[in-house]
Amino acid sequence: MPSSTLVIAPVLVPLVAGILLLLFRARELRGRRAFSLLAVAVQIALALGLMAATHHGDILTYHLGNWPAPYGIVLVADRLAAWLLLITALLAGFALWQACQGLDRRGRHFHVLFQWQLFGLNGAFLTGDLFNLFVFFEVLLLASYGLVLHGGGPARTRAGLHYVVVNLAGSALFLIAAGLLYGIFGTLNLAHLARLMTAMPAENLGPARTALLLLLGVFALKAALLPLHLWLPATYASALAPVAALFAIMTKVGAYAILRVATLLLGAQAGDGLAGLYEAWLLSLAQATLVAGMLGALAAPSLGRQTAWLVVASVGTLLIAFGLGDREALAAGLYYLPHSSFAAAALFMLAVPIARGRGTLTDRFVPGPDIPRAPLVGTLFFLCAILLAGLPPLSGFLGKVLLLQAALDQPGWPWILATVLTAGLLGLVALARSGSLLFFRSAAPSQGQEFAATRTLTGEAPVPGVAPVSAESACPEGVSYAPAAVVPPVRNGSPASGYRALLPAAVLLLLTLGLTLWAGDWLELTTAIADQLLQPHAYIRAVLGEMP
Amino acid sequence: MEILLSLVIGVLTACGVYLLLRAQTFPVVLGLTLLSYAVNLFLFASGRLVEGRPPIIVAGQTGYADPLPQALVLTAIVIGFAMTAFVIMLALKARAELGTDEVDGQAEGRTEAEGEGR
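So the sequences go chain by chain: A and C.
The letter at position 100 of the first sequence is residue 121 when you use the working numbering, and the numbering goes up by one with no holes.
The letter at position 71 of the second sequence is residue 114 when you use the working numbering, and the numbering goes up by one with no holes.
In short, the hints are calculated from the structure, not lab data.
Since the structure is predicted, the reported quantities are computational estimates derived from the model, not experimental observations.
Here a beta-carbon is modelled for each residue, glycine too, at the ideal position from N, C-alpha and C.
The reader is advised that the hints may include incorrect statements.
As the list claims (entries may be wrong) - Partial pick of chain C residues on the chain A-facing surface, computed with a CB cut under 10 Å:
| hint | residue |
| --- | --- |
| 1 | L63 |
| 2 | M126 |
| 3 | L141 |
| 4 | V146 |
Unchecked claim - Ranges between beta-carbon positions, derived for each pair:
| hint | chain 1 | residue 1 | chain 2 | residue 2 | range |
| --- | --- | --- | --- | --- | --- |
| 5 | A | L59 | C | F129 | 25 to 31 Å |
| 6 | C | S49 | A | W434 | 52 to 58 Å |
| 7 | A | L412 | C | F129 | 40 to 46 Å |
| 8 | A | L438 | C | P70 | 45 to 51 Å |
What the hints assert, rightly or not - Pulled from the structure, derived: some chain C residues nowhere near chain A, Cβ distances all over 12 Å:
| hint | residue |
| --- | --- |
| 9 | E94 |
| 10 | R96 |
| 11 | V101 |
| 12 | A102 |
| 13 | Q104 |
| 14 | T105 |
| 15 | G106 |
Sequences are here, hints too, so could you generate the full structure?
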């Protein structure tokens, strides 16, 4: 396969797979599942191929319609894009695996939306054009709107409505920023913008800064950076587990866009007033996000919501690394990125067997009956908790140590150290509390207050394994936890039971174990990515050719 | 013309943001629509305002209008239209499932009976 085809293939494969799945929607589910899994497997292979092709520092481009670069749309694959494609494809594989165990039956067109979500994600990572980035954002958002609502129910509709409206407002801001940049520079090609910015007349500085900060606002919204993080917990907690697991990478799209713009457009070459424009904002906001995320995790009423808050916290950690902006910090951040995505996704997936084992209590933090296979489920939960709280000896700890090491060279290092370590402690307390509530403080069904409430209100005893239809009415007014968020009240399409249900989360955790065991090799890889990012001239040359 | 256009964009944006912050879904949808109109006009203006010039090559023509913003606006209109349709369907679904058209799913500042009787 020629290398330029390799660049566009990760965009085309999910698009075509989605269309075919839509055409064959009447076929039996088994065949559609196999095809969807096959498409994700092909994407993993393509991402591995791109990793190999970009490994020596080559930057591959694909000019759509063979239009030369600043005039046509260009797709660019560098080390960073290949790395993110691989993480996305792997995560998608595990999420799809779990969905195929029965949750995809909850609504229509799950596999179509899933593939188009991947289409949007892969496109956003590969595109080298700002407006095209907007289009791919819309594609992935539109697919995600469908996926958030997958399974139905009032809690999902409410969270979905907020999510859609917030993101549409964000899209409007994105267009304004893109229009401003086009008005100033007359181009939307990222490499061309980067070249024009180095030789910009001084009177354009103000509008350019406005446009770029508006862009930061949009990307911060997608990444759930404080104070634009409030849409995330309710949305992720109410989505189905495999969907939430895939969404663990969605916030990283925002972080990726911030990193791309910060290094390509606003690197050291950008000149006074533009260089390092994002760093100052990022560092303080990311620290606040980290603390807010961990506080949210402490206050969360259910496992799904707690995991969602931990996603917010991981975005905070990631953006601290990107805000520091030097080689070591970027390498640490890019090592932390797959770790945090995989760990959060595994915890989302693990919430399904936990919620199933607890019957009507689902994943809410109240003492309940013993969970079947508690030792195994508990061990997996414990691993997730260690990963997310950043305790030794797993990859979360390594990522944090690398980040703190990088922070030591910076002027604000005491603040960063204090924030990261305090947040780690908060996360530890939050996860210890939820773990002991779910696994140790078990109560017989007759003693649980929640059970009594459910019985009196509905007149029927809760049946384990059947999700509550009446959970909402059992909650007192004003106590707004999304009831039955992970296992909604639909009997058709219940998740798998037994050890099989634990497999996707368990294998995903094995993957993070691999991230820990070969940490040196991975760090070498992410350092190479950081090196390439900090030399944007190679990217610009690869897209536009030599300076005329 | 520049002043008129910027005034129109400003007023549309202000109305859009005001409506977007309302508590009920219908004003919010209208606000999103107004906001997207403002954004489309803004995008269109980013190629500079020129009169009576073609955007594509014509023999003997010297000055041209910038065609790219027009293409961008077309894309933005299509996406915005699809999104509006989607939000309207979602708002209807929310009205049916939650029994209220409040964005937060509960009537704030009203008594419970009023909220349920709507």
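Here is how each hint holds up against the structure:
no. : hint                        : in the structure
1   : L63                         : holds, 6 Å
2   : M126                        : holds, 6 Å
3   : L141                        : holds, 5 Å
4   : V146                        : holds, 7 Å
5   : A:L59 - C:F129: 25 to 31 Å  : holds, 29 Å
6   : C:S49 - A:W434: 52 to 58 Å  : violated, 46 Å
7   : A:L412 - C:F129: 40 to 46 Å : holds, 43 Å
8   : A:L438 - C:P70: 45 to 51 Å  : holds, 47 Å
9   : E94                         : holds, 18 Å
10  : R96                         : holds, 16 Å
11  : V101                        : holds, 19 Å
12  : A102                        : holds, 21 Å
13  : Q104                        : holds, 20 Å
14  : T105                        : holds, 19 Å
15  : G106                        : holds, 16 Å
Taken one by one, the earlier hints fail for this structure only at number 6.
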